Each structure stands twice: as structure tokens, then as C-alpha cells.
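Engineer: Residue numbers for the sequence shown follow this note's numbering, beginning at 487 and rising by one.
Hints are not guaranteed to be accurate.
[Said to hold, decoys possible] Here are the computed distance ranges between Cβ atoms for each label pair:
id : residue 1 : residue 2 : range
1  : Gly813    : His506    : 57 to 63 Å
2  : Asn585    : Glu492    : 27 to 33 Å
3  : Asp809    : Gly693    : 34 to 40 Å
4  : Arg504    : Glu736    : 34 to 40 Å
5  : Thr493    : Glu736    : 14 to 20 Å
6  : Gly753    : Lys619    : 20 to 26 Å
7  : Ala838    : Gln717    : 48 to 54 Å
8  : Asp632    : Ile769    : 21 to 27 Å
9  : Gly502    : Leu668    : 25 to 31 Å
10 : Glu800    : Arg504    : 48 to 54 Å
11 : Gly502    : Ile769    : 47 to 53 Å
12 : Thr852    : Pro497    : 41 to 47 Å
13 : Ile573    : His506    : 18 to 24 Å
No lab work stands behind these hints, which were simulated from the structure alone. Remember, predicted model here, so these are calculated numbers, not experimental data. Backbone N, C-alpha and C define an ideal beta-carbon position, used for all residues, glycine too.
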Amino acid sequence: MSVITETTYLPSFAPGTRHHLTTHRFNGGQDSRSAYIQAGVHADEHPGLLVIQHLLGRLQELDKASQILGEVVICPFANPVGLGQNIFGYVTGRFNLANGENFNRNFPDISPAVEEFIAKNGAAHFTSSEVKKIFTQMLELIPAVDTVATNKKLLLEEAFRHDIVLDLHCDTSAALHLYSTLHQQERAILLAGCMGIETVFLEEQAGGQPFDEAFGKPWKLLTQAGLANPQDCGFSTSIELRGQADVNDEVARADAEGILQFLAHEGLLTLTPPLAELANVEIYPLEGASHLQSPAMGLLVWKKQLGQSVSIGELIAEIVPIDSALGAPRVPVFSDVDGKIIVQPLFKLVRAGQRVALLAGKTPLTHRKTGQLLQHF
487 MSVITETTYL PSFAPGTRHH LTTHRFNGGQ DSRSAYIQAG VHADEHPGLL
537 VIQHLLGRLQ ELDKASQILG EVVICPFANP VGLGQNIFGY VTGRFNLANG
587 ENFNRNFPDI SPAVEEFIAK NGAAHFTSSE VKKIFTQMLE LIPAVDTVAT
637 NKKLLLEEAF RHDIVLDLHC DTSAALHLYS TLHQQERAIL LAGCMGIETV
687 FLEEQAGGQP FDEAFGKPWK LLTQAGLANP QDCGFSTSIE LRGQADVNDE
737 VARADAEGIL QFLAHEGLLT LTPPLAELAN VEIYPLEGAS HLQSPAMGLL
787 VWKKQLGQSV SIGELIAEIV PIDSALGAPR VPVFSDVDGK IIVQPLFKLV
837 RAGQRVALLA GKTPLTHRKT GQLLQHF
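Using the sequences plus the hints, can you model the full thing?
Structural biologist: Written out as C-alpha cells, the structure is:
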């Protein structure tokens, strides 16, 4: 049993400044498999930061009780640059103010190198540990000079060392949900069941190269080509821990326990009391997720609540105009799917064309294309 805390410094962002990443490694030494968990890639999403703190407390307890079997690595804040972007009292940590880029896009892409590797080694077979080393070597060849690029490369480098990668996020105001891939459906359902997550979005390829896809796509390519055992395929997911305002100990403690339940099911640790009953989970194709746009500018007034079912054509909200003539009617907002409401905006003054809801639907929408499924807001 051992716990090791490591600090890795990033290239200087500006004269007189220095950023770093911290990781805490819990290693039981009885199992070769491992998990990596991080929060705060979007640095204005804070529920995961608190969940991480509860995880660290519980892992220390489990370590003292010799209940950690494999390795669990925790990164308590994955984006120190974003955490420092405070403008007039608000952390603006979703986008890099240096270039406007979403912090969870354009992670290093080793997929082209993996495809070349497959073409040259089509008849070979590699163990999980060998694959991890191969991925790490490929990543080393991708240059990273500035602070943010180095940060992304270091996060992915750490992830490639592990079998399970959990990336903790949240939305503005949302119900619990997570994103994963079709070929990892079984494990995504298990994780959701452990955490009480009722909604799981699955896709073949989201696009945009977010962190979880940068980790998962190389594994998928290699296993589908037959060069690695599908049972060894690395699992990654983005867990959406409700909304930005949902930061409290009771909820964070429950989320942390759900993650520990999943790690116990995966054999990385043991829990006392025994594993809890799994919650019911509903699967939705990410192609069926509607980013519903506001038809007008004004104040958004909801007629339906988070998690409630909706039908195509059903009135779910109204826009109250504030600059129209006296007696101007409210503008209705109708659902464009049969499904349920997953996300609503935290702030209710909206512009025409702004996303006012994320709706989960079972039927793929014609305008939703594989590889172009992530929004850039």
C-alpha cells in the first residue's frame, strides 16, 4: 500500500507566473489494472472538484484498510490555466482566453499513428501493458510548446497509463447524465447504474477531439482491428454531474460513493458494506440529442422541469419579450423530440439562436452527423 503525490510544472504562461498539475496515486499492489479520474478540464464546472475531494478522503480510508487492490490516480484540478481566468469575479474556465478554444477540444490525436501501426502489424497481437506503452510512445512524438497544449498532453499521457478514465464535468443546469461510446455500452451502463445516472448518451464518434475521445478512439481502432483483446479495451467517459450550482457535500459524497462502487465492480478495490443495487439506466443515441435553440430574445420561463418527459410539438417553455410593444405575446418554445429534458440554461435571459435546452430523444435527428456531434459553445 502506498500513496504518492506528484507535482508537474507547466511551461510559464507569462513572466512571473507558474502553473502545475497535481496527482495522487493510490496503489494497492494486488491488481495490475488501474483507473484515472480528473475534474475541472472546464474550469468553470465545479461539482466534480468537490466530488474529487470526497474521493480522496474515502481512498485514504480504503488505503489504510488495505481495500485498494489496483491503482487509482486522482487529478484534483485538470486545468490550472482555466482556474486562473477570473474576470470581474467570474471564473471563465470553459474557453482559453488566449485563442477562444474550448478547453475540452483538440486534445492530441494519435489516431493516424495507430492506423499506420495497424497497417504494419495486422497479424500481431498485443497485451494491455504493451498497448499502453505504444500509445505513450506515439503521444511523445506530438509536439507541445505552450502552457495549455502541454497541459493537454500531460493529461492524456497520464490517461494512457490506465484502463479506466473518468472525466468529471457538469452543464449549466442539468440532470445527471454521461457520454460514452457504443462499443463501451456495457461498462457505461454499469457506471451509470452505480452512480444513479438514468440517462446515458452513446455515440460512434463525437468529433472535436475531446479528452475522453482522444483516449478512447485509439483503443477502439486497435481492438476492432484485432490487435488487442476487446476485454482489455480502455474505457473512458465524460460524467455530467448536474449543473454548475450543484456544489454541496451531500450530493458530492453520493457521487463519490457511486464511483467507488463502479471501481469495486471493476475489481480495483473492495467495499464494506457490499455493493449496492444498480439503478435503472436509459440509453439514448447522441445523434438523437437536440440542442434546442431559442426562437427569440427575452426571459426564458419553463413549463417543464429537468428530467421530465416531453413530446414532439409540446409546449415546454415561453420567451417573455422585454423590448416589445405593450401587450406583445410570449413566444412559445416547443419540443422537437419525444424524450426528456436533460439540460436547461442556468441564466434565463436568452438571445435568439441560443441553446435553451438539451433534449434526449431516441430517434436520430437528420441534422446530427457522426463526427460532428459536439457543440463548440
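Engineer: None of the hints should be skipped; say for each whether it holds.
Structural biologist: Hint check:
1. Gly813 with His506: 57 to 63 Å: holds (59 Å)
2. Asn585 with Glu492: 27 to 33 Å: 29 Å Cβ-Cβ, so the 27 to 33 Å window holds.
3. Asp809 with Gly693: 34 to 40 Å: Since Asp809 and Gly693 have Cβ atoms about 37 Å apart, the given range 34 to 40 Å holds.
4. Arg504 with Glu736: 34 to 40 Å: Roughly 36 Å apart at Cβ, these two residues keep to the hinted range, so it holds.
5. Thr493 with Glu736: 14 to 20 Å: With a Cβ separation near 31 Å, Thr493 and Glu736 fall outside 14 to 20 Å, so the hint is violated.
6. Gly753 with Lys619: 20 to 26 Å: The hinted range 20 to 26 Å holds for Gly753 and Lys619, with Cβ atoms some 22 Å apart.
7. Ala838 with Gln717: 48 to 54 Å: 49 Å Cβ-Cβ, so the 48 to 54 Å window holds.
8. Asp632 with Ile769: 21 to 27 Å: Violated: the Cβ-Cβ distance is about 39 Å, outside 21 to 27 Å.
9. Gly502 with Leu668: 25 to 31 Å: Between Gly502 and Leu668, where Cβ atoms are some 48 Å apart, the hint is violated.
10. Glu800 with Arg504: 48 to 54 Å: About 53 Å separates the Cβ atoms of Glu800 and Arg504, which means 48 to 54 Å holds.
11. Gly502 with Ile769: 47 to 53 Å: holds (50 Å)
12. Thr852 with Pro497: 41 to 47 Å: holds (45 Å)
13. Ile573 with His506: 18 to 24 Å: holds (22 Å)
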